[in-house]
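S.K.: Going down the list, the sequences are from chains D and R. Each residue of the first sequence is one higher than the one before, counting from 1 in our numbering. Each residue of the second sequence is one higher than the one before, counting from 1 in our numbering.
Just so you know, the hints here were simulated from the structure itself, not pulled from any lab data. Please read all numbers here as calculations on a predicted model, not as lab measurements. Yeah, the Cβ is synthetic: ideal placement off N, Cα and C, and Gly gets one too. Be careful, since some hints might not be right.
[As the list claims (entries may be wrong)] Per label pair, the in silico range of CB-to-CB distance: (1) SER269/R <-> ILE153/D: 44 to 54 Å; (2) LEU274/R <-> LEU73/D: 28 to 38 Å; (3) ARG95/D <-> VAL282/R: 12 to 22 Å; (4) ARG112/R <-> ILE153/D: 50 to 60 Å; (5) PHE288/R <-> GLU179/D: 21 to 31 Å; (6) VAL18/R <-> THR180/D: 55 to 65 Å; (7) GLU179/D <-> ILE188/R: 21 to 31 Å.
[As the list claims (entries may be wrong)] Footprint (simulated), chain R over chain D, 3 or more residues, beta carbon under 8 Å: (8) 14-25; (9) 92-99; (10) 102-115; (11) 192-202; (12) 255-268.
Below, each chain spelled out in residue letters.
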Amino acid sequence: MGIMDQFLQQLINGISLGSIYALIALGYTMVYGIIKLINFAHGDIYMVGAYIGFFCITIMNWPVLPALLVSMLLTGILGMLIERFAYRPLRSAPRISVLITAIGVSFFLEYTMMYFVTPQPRTFPSLLDDAAYHIGPFIINNQQIMIFAITIILMAILTYIVQYTKVGKAMRAVSFDTETAQLMGINSNRIISVTFGIGSALAAAAGVLVGIYYNSIDPLMGIMPGLKAFVAAVLGGIGILPGAAAGGIILGIIEALVSGFISSTFRDAAAFAILILVLLFKPSGLLGKNTNEKV
Amino acid sequence: MSSLRKTDLKAIVISLIVFAVLQGLISSEALDPFWQLNIIVICINIIMSVSLNLINGYTGQFSLGHAGFMAIGAYTGAVLSVNFHMPFIVGLITAFVTAAIIGCLIGLPTMRLSGDYLAIATLGLGEIIRIVIMNVNYVGGAAGFMGIPKSTNFAWAFFVMLFVVFFIKNYVNSSFGRACVAIRENEIAAEAMGVNTTKYKVLAFTVGAGFAGVAGCLFAHTFYIVHPSSFTFLSSFNYLIMVVMGGMGSITGSIAGAFILTTISALLSDWPELRMSIYAVVLIALMFYRPQGLFGNIEITSLPIFKRFKGGK
Numbered sequence: 001m002g003i004m005d006q007f008l009q010q011l012i013n014g015i016s017l018g019s020i021y022a023l024i025a026l027g028y029t030m031v032y033g034i035i036k037l038i039n040f041a042h043g044d045i046y047m048v049g050a051y052i053g054f055f056c057i058t059i060m061n062w063p064v065l066p067a068l069l070v071s072m073l074l075t076g077i078l079g080m081l082i083e084r085f086a087y088r089p090l091r092s093a094p095r096i097s098v099l100i101t102a103i104g105v106s107f108f109l110e111y112t113m114m115y116f117v118t119p120q121p122r123t124f125p126s127l128l129d130d131a132a133y134h135i136g137p138f139i140i141n142n143q144q145i146m147i148f149a150i151t152i153i154l155m156a157i158l159t160y161i162v163q164y165t166k167v168g169k170a171m172r173a174v175s176f177d178t179e180t181a182q183l184m185g186i187n188s189n190r191i192i193s194v195t196f197g198i199g200s201a202l203a204a205a206a207g208v209l210v211g212i213y214y215n216s217i218d219p220l221m222g223i224m225p226g227l228k229a230f231v232a233a234v235l236g237g238i239g240i241l242p243g244a245a246a247g248g249i250i251l252g253i254i255e256a257l258v259s260g261f262i263s264s265t266f267r268d269a270a271a272f273a274i275l276i277l278v279l280l281f282k283p284s285g286l287l288g289k290n291t292n293e294k295v
Numbered sequence: 001m002s003s004l005r006k007t008d009l010k011a012i013v014i015s016l017i018v019f020a021v022l023q024g025l026i027s028s029e030a031l032d033p034f035w036q037l038n039i040i041v042i043c044i045n046i047i048m049s050v051s052l053n054l055i056n057g058y059t060g061q062f063s064l065g066h067a068g069f070m071a072i073g074a075y076t077g078a079v080l081s082v083n084f085h086m087p088f089i090v091g092l093i094t095a096f097v098t099a100a101i102i103g104c105l106i107g108l109p110t111m112r113l114s115g116d117y118l119a120i121a122t123l124g125l126g127e128i129i130r131i132v133i134m135n136v137n138y139v140g141g142a143a144g145f146m147g148i149p150k151s152t153n154f155a156w157a158f159f160v161m162l163f164v165v166f167f168i169k170n171y172v173n174s175s176f177g178r179a180c181v182a183i184r185e186n187e188i189a190a191e192a193m194g195v196n197t198t199k200y201k202v203l204a205f206t207v208g209a210g211f212a213g214v215a216g217c218l219f220a221h222t223f224y225i226v227h228p229s230s231f232t233f234l235s236s237f238n239y240l241i242m243v244v245m246g247g248m249g250s251i252t253g254s255i256a257g258a259f260i261l262t263t264i265s266a267l268l269s270d271w272p273e274l275r276m277s278i279y280a281v282v283l284i285a286l287m288f289y290r291p292q293g294l295f296g297n298i299e300i301t302s303l304p305i306f307k308r309f310k311g312g313k
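Full structure from sequences and hints, please.
M.R.: Here's what the structure looks like:
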């Protein structure tokens with residue numbers, strides 16, 4: 001295989017990995033945009049989503065799509081419950097308290113899950129045959145096609161919700177200025193809850209897709225992708241939805257190229273190096289606007 | 001000033017009594033080896049939490065990469081002991097210097113950031129340090145560095161800890177410390193009053209990182225082996241929890257936080273999942289009911305009971 005073929009192949013792998021980061025990053029960026037919280041528990045919500053999908057497929061013997069939808073629904077409810085009981089009481093508290101609570105929620109989800117499902121990784125059943133298609137110079141397999149398709153559909157639905165529905169309009173208003181939105185009669189608590197629900201559902205979808213793609217899930221699987229999705233959100237400009245999607249895909253491609261051409265042990269370092277470079281040179285992200293600090 | 005010195009003297013006398021009692025218990029084998037080891041771990045964790053408190057609590061710069069500096073100190077100390085056969089004290093000093101230099105290099109660019117971005121950037125840098133160490137074959141790579149002499153005993157750990165605690169105490173009570181607190185309270189106002197904010201932030205970060213390196217060196221010489229997986233960001237979170245639990249801006253609090261959490265995790269070491277779940281619940285409950293931590297920003301030496309103990313004034 002020539003170096004060009006290898007490059008193209010890593011590009012495909014990178015886009016599939018990046019789609020997953022993008023789905024998680026969307027939830028991060030929505031939550032950050034609306035209540036300025038780095039929801040450290042978001043990666044663990046993704047893990048819970050993967051486990052719900054896993055149990056739907058193995059115990060209930062459901063096909064992929066119903067399992068995906070049920071996992072998204074239940075995880076969305078979980079996200080709303082976490083917001084209601086862990087973050088809402090701290091709405092007026094200093095931001096560091098909420099950040100530490102988020103770390104607490106993250107630990108709680110990881111280790112409570114570990115208590116129930118044991119720390120051993122589980123093998124996700126392979127649902128699709130491994131057929132690979134040659135399209136021009138690319139080789140693409142069923143799992144990757146499925147990841148692309150589901151990601152694109154979910155992103156289209158999200159764009160529709162945010163841009164063209166009443167809830168979406170309210171979400172944008174609350175994110176722009178919570179107090180003014182409340183004065184206009186928007187129930188901001190309800191909108192924040194909906195935001196957590198949607199973000200968590202997207203993370204759950206990413207969890208199930210990762211299970212299908214890598215065939216293995218474990219209770220600590222959410223930590224790294226969670227952090228990297230945050231990197232993706234910062235890369236694209238935090239609080240900006242298309243930015244999160246673009247950031248996720250760029251990060252996925254860079255990681256695939258680093259693990260393909262340098263060394264797979266450096267791929268995590270690459271993600272964090274990107275984060276630091278972005279923060280130093282363009283802290284508002286690729287698609288963000290610069291804001292000046294007011295005294 | 002003289003009353004400050006008097007308090008210092010009393011604190012040192014009390015510490016020496018505590019040391020004598022604990023050393024007696026260890027020498028007479030009244031404590032089993034598990035708890036002997038844990039007392040050393042408590043000392044190391046106190047160094048970590050007090051030095052992190054200087055950065056997070058006093059200067060208000062939210063750092064999540066403290067374990068990275070600990071890793072630097074641990075590996076520096078280990079290499080000096082094993083490959084260069086240096087005495088332990090040289091290892092400790094070099095660990096401080098190396099971690100402080102790297103802390104300064106990392107602090108210079110990142111201290112321009114604030115809040116959440118700083119937290120994530122320091123977390124990322126801590127992970128980068130760990131990943132780089134993992135890829136250096138000279139120090140054992142992912143398998144870890146083995147065969148380190150067990151030089152850390154209780155006396156070393158205790159007196160190094162005492163030194164660090166007093167150093168940080170004097171630091172925060174000096175003009176440096178007042179500049180740090182001014183930055184924490186309002187960075188823009190501090191700058192307007194003529195405080196060179198970058199200088200003091202980077203200095204606090206450097207000193208904190210250096211002492212984390214010392215803690216790392218003690219850690220490496222306690223367990224015979226250092227392993228990159230001991231220094232993930234989860235352990236940085238662990239030290240952060242100690243600081244927050246004790247109270248950001250209280251050295252007494254950091255000591256108490258390190259003591260309580262290390263003891264709890266030692267008691268629950270047979271049930272690791274349960275331990276972390278309890279940790280999480282304690283942390284969330286703390287943020288709900290006492291977000292300023294156990295001690296807030298109060299020191300034990302300023303409590304009324306200690307004043308009376310001081311006699312008269």
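S.K.: Next, verify each hint and record whether it holds.
M.R.: Tested hints:
no., hint, result
1, SER269/R <-> ILE153/D: 44 to 54 Å, "47 Å, holds"
2, LEU274/R <-> LEU73/D: 28 to 38 Å, "30 Å, holds"
3, ARG95/D <-> VAL282/R: 12 to 22 Å, "21 Å, holds"
4, ARG112/R <-> ILE153/D: 50 to 60 Å, "41 Å, violated"
5, PHE288/R <-> GLU179/D: 21 to 31 Å, "24 Å, holds"
6, VAL18/R <-> THR180/D: 55 to 65 Å, "57 Å, holds"
7, GLU179/D <-> ILE188/R: 21 to 31 Å, "23 Å, holds"
8, 14-25, "violated (count 0)"
9, 92-99, "holds (count 7)"
10, 102-115, "holds (count 11)"
11, 192-202, "violated (count 0)"
12, 255-268, "holds (count 4)"
Hints 4, 8 and 11 from the list above are not met by this structure, while the remaining hints are.
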